[in-house]
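Engineer: One letter stands for each residue in the lines below.
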Amino acid sequence: MTITQVPLVDYLVLGDSPHLIANECTKCGARYFDRRNACASCFAVDFKKVAISNDGIVRSFTIVTFAAPGVPVPFTAAIIDCGGTSVRGNLINVDATPEKVTLGMKVRLNTYSLGADDNGLEAIGFGYEPA
Amino acid sequence: MATDDIYILGIYMTKFGKYPDRDTVDLASEAVIAALADAQVTMKDIGVMAAGCLMGQGGIGQMIQKQVGQTGIPVYNVSNACATGATALRTAIMAIKAGECDMGLAVGVEKLAGVGLLGGGGTPKSKNKEWTPSGRFGSVTNVDGLIGTAAMPGTFAQVGMEYGHKYGGATFELFAKISEKNHAHSTLNPLAAYTKRMSLDEIMNDIMISYPNTRPMCSANCDGAAAAVVVSGAKLKTLSLEQQRRAIKVSASILTSDPYQEACQVLPDVNTLTRIAAKQAYEQAGVSPSDLNLVELHDCFATAELVHYDNLMLCEEGGAVDFFNSGATWRDGSMPVNVSGGLESKGHPIAATGIANIWEVCHHLRGEAGPRQIEGAKVGLAHVIGLGSACGIHILEKSAL
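Heads up: the protein sequence lines correspond to chains C and W, in order.
Heads up, the first sequence is in numbering that gives the first Met the number 0, so the first residue is 0 and it goes up one at a time.
Heads up, the second sequence is in numbering that gives the first Met the number 0, so the first residue is 0 and it goes up one at a time.
To be clear, the hints were calculated from the coordinates, so they are not data collected in a lab.
Note that this is a predicted model, so its numbers are computed, not measured.
We treat Cβ as the ideally placed atom computed from N, Cα and C, and that holds for glycine.
Incorrect hints may appear among the rest.
Said to hold, decoys possible - Distance condition first, Cα-Cα at most 30 angstroms in a straight line; then the derived BS3-like pairs of lysine-lysine:
id, chain 1, residue 1, chain 2, residue 2
1, W, Lys234, W, Lys96
2, C, Lys99, W, Lys176
3, C, Lys47, C, Lys26
4, W, Lys278, W, Lys377
5, C, Lys105, C, Lys48
6, W, Lys165, C, Lys99
7, W, Lys43, W, Lys14
8, W, Lys165, C, Lys105
What the hints assert, rightly or not - Among chain W residues calculated to face chain C with C-beta under 7 angstroms, some are:
id, residue
9, Arg135
10, Val139
11, Gly147
12, Glu161
13, Ala262
Work out the full structure, taking the sequences as your base and the hints as a guide.
Structural biologist: See below:
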């Protein structure tokens, strides 16, 4: 079977139950979405992959109405506390207005299509929708 | 004065604004020549130079020397985001403390008028539409706008909103009121890029950039330069009484970077490094926050000013909203903050900012601030944050003479 989908970033795992993963320091438990040469917290060099909870609460947000060229607005950028791991993501399936988005609101990860490239490969993004 | 103390002997900032006909070297040269004149010394007296121009090409220090005096002294070209100016100053101070020389020069300059939004965006990864993973996150396209925001207005909006989540009370209106204060203060500062008083309604109804920051709640991109001459206490004793009287003691000079925090990979933590720097600065200076007569802090956005009341320990932990609402930070309050108008109206020519805020404090401590003078000011604090992150704090004291 040929691959028909690719995640927006390599820390998004697709499949039946899409979720985020992180590189967790085996010594102190610090988690990183990118690869690290050594742990920024304790300097150890061994990491293991761990799954991040799909459920979280909005710890901070901004509604971006003016962005760099090529970035569609408005969108709601947020910092989500997913069971103790902080995640950056957009809020999706909710109006980007201060009336609809509130601090502390419960959200859950969902995925959406970013469209297919010239080779028919579909990119899948993620965001957090009200839970 | 103790021989191992450090003093600001001369300092200057250009008017911030738009200079279409002058380049960064012109602006920096104006600042250097005027700072030397203010110090009543020449380039011949200077033993070390540190210079910064964040968005410019390298070697700005040597380029400036060719306009103000090439004497063969060591030049350090520094780059530390919005803390570049403070880093330049601290570099000159460290050289004096190390005993390498007794007088140093620091200069910061930037041309930013009209550059627009900083941070975020980027060019498409591929001309053809092809989803190919690359980079440290294996991303198939630019993620700004898809996974949150990397632009400055939204980043600092989230910094302020996070404070609201933690402690409550941080509303759009509250942040706009902080901006109203700084724009009101700017009307007394002839060197500010913008000196128009704005009503709360005008601020809240202006163009929304990144909720809750509207345009006047964002720092103003503009051109400008600032320079300072620093001297050892031992050398100052040999100078004229007039120089000694106008010299301002650098009671603390601190630079920190951001220590690891759980969430710092998704939202820069501008709090911890500021709090650590403040603690170190108060200890080094032997003063407490209540001793401060004025504070210039890094209000790159109105949302940032709120959190730094707390980080600089101007209020109780978690008490920044009530502190602001008490009126304390207006120029007639108990803890005047950003009487220059702050970055929101004075402007933010990045590398100049970390020296210009020290100029403002020195101006008051010398009693030379004219209509905006904070009467009887004896101790002041200047703070900058460069995202990524770097925090510079200087505590300054009036001469005892």
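Engineer: Does Gly147 of chain W pass the interface check with chain C, least Cβ-Cβ distance below 7 angstroms?
Structural biologist: Constraint on Gly147 of chain W satisfied, holds at 4 angstroms.
Engineer: Taking 30 angstroms as the top limit, are the C-alpha atoms of Lys47 of chain C and Lys26 of chain C close enough?
Structural biologist: 10 angstroms, holds
Engineer: Per the CB criterion, is Glu161 of chain W less than 7 angstroms away from chain C?
Structural biologist: Holds - the Cβ of Glu161 of chain W comes within 7 angstroms of chain C, reaching about 4 angstroms at its closest.
Engineer: Once the shortest beta carbon distance from Ala262 of chain W to chain C is found, is it less than 7 angstroms?
Structural biologist: Constraint on Ala262 of chain W satisfied, holds at 4 angstroms.
Engineer: Against the 30 angstroms threshold, does the CA-CA distance of Lys99 of chain C and Lys176 of chain W hold or violate the hint?
Structural biologist: Holds. Lys99 of chain C to Lys176 of chain W sits at ~23 angstroms (cutoff 30 angstroms).
Engineer: Hey, Lys165 of chain W versus Lys99 of chain C, does the alpha-carbon distance stay inside 30 angstroms?
Structural biologist: 20 angstroms, holds
Engineer: Holds or violated: Lys278 of chain W and Lys377 of chain W, Cα atoms, limit 30 angstroms.
Structural biologist: 20 angstroms, holds
Engineer: Given the hint that Lys43 of chain W pairs with Lys14 of chain W, does the C-alpha gap stay at or below 30 angstroms?
Structural biologist: 26 angstroms, holds
Engineer: Do the alpha carbons of Lys165 of chain W and Lys105 of chain C lie within 30 angstroms of each other, as the hint requires?
Structural biologist: 16 angstroms, holds
Engineer: Starting from Lys105 of chain C, check that the Cα of Lys48 of chain C is at most 30 angstroms away, please.
Structural biologist: Since the Cα atoms of Lys105 of chain C and Lys48 of chain C sit roughly 25 angstroms apart, the hinted pair holds (cutoff 30 angstroms).
Engineer: Interface hint check: Val139 of chain W, Cβ to nearest Cβ on chain C, cutoff 7 angstroms. Holds or violated?
Structural biologist: 5 angstroms, holds
Engineer: Need the status of pair Lys234 of chain W, Lys96 of chain W: alpha-carbon distance at most 30 angstroms?
Structural biologist: 12 angstroms, holds
Figure legend: structure checked against the earlier numbered hints; every hint is met.
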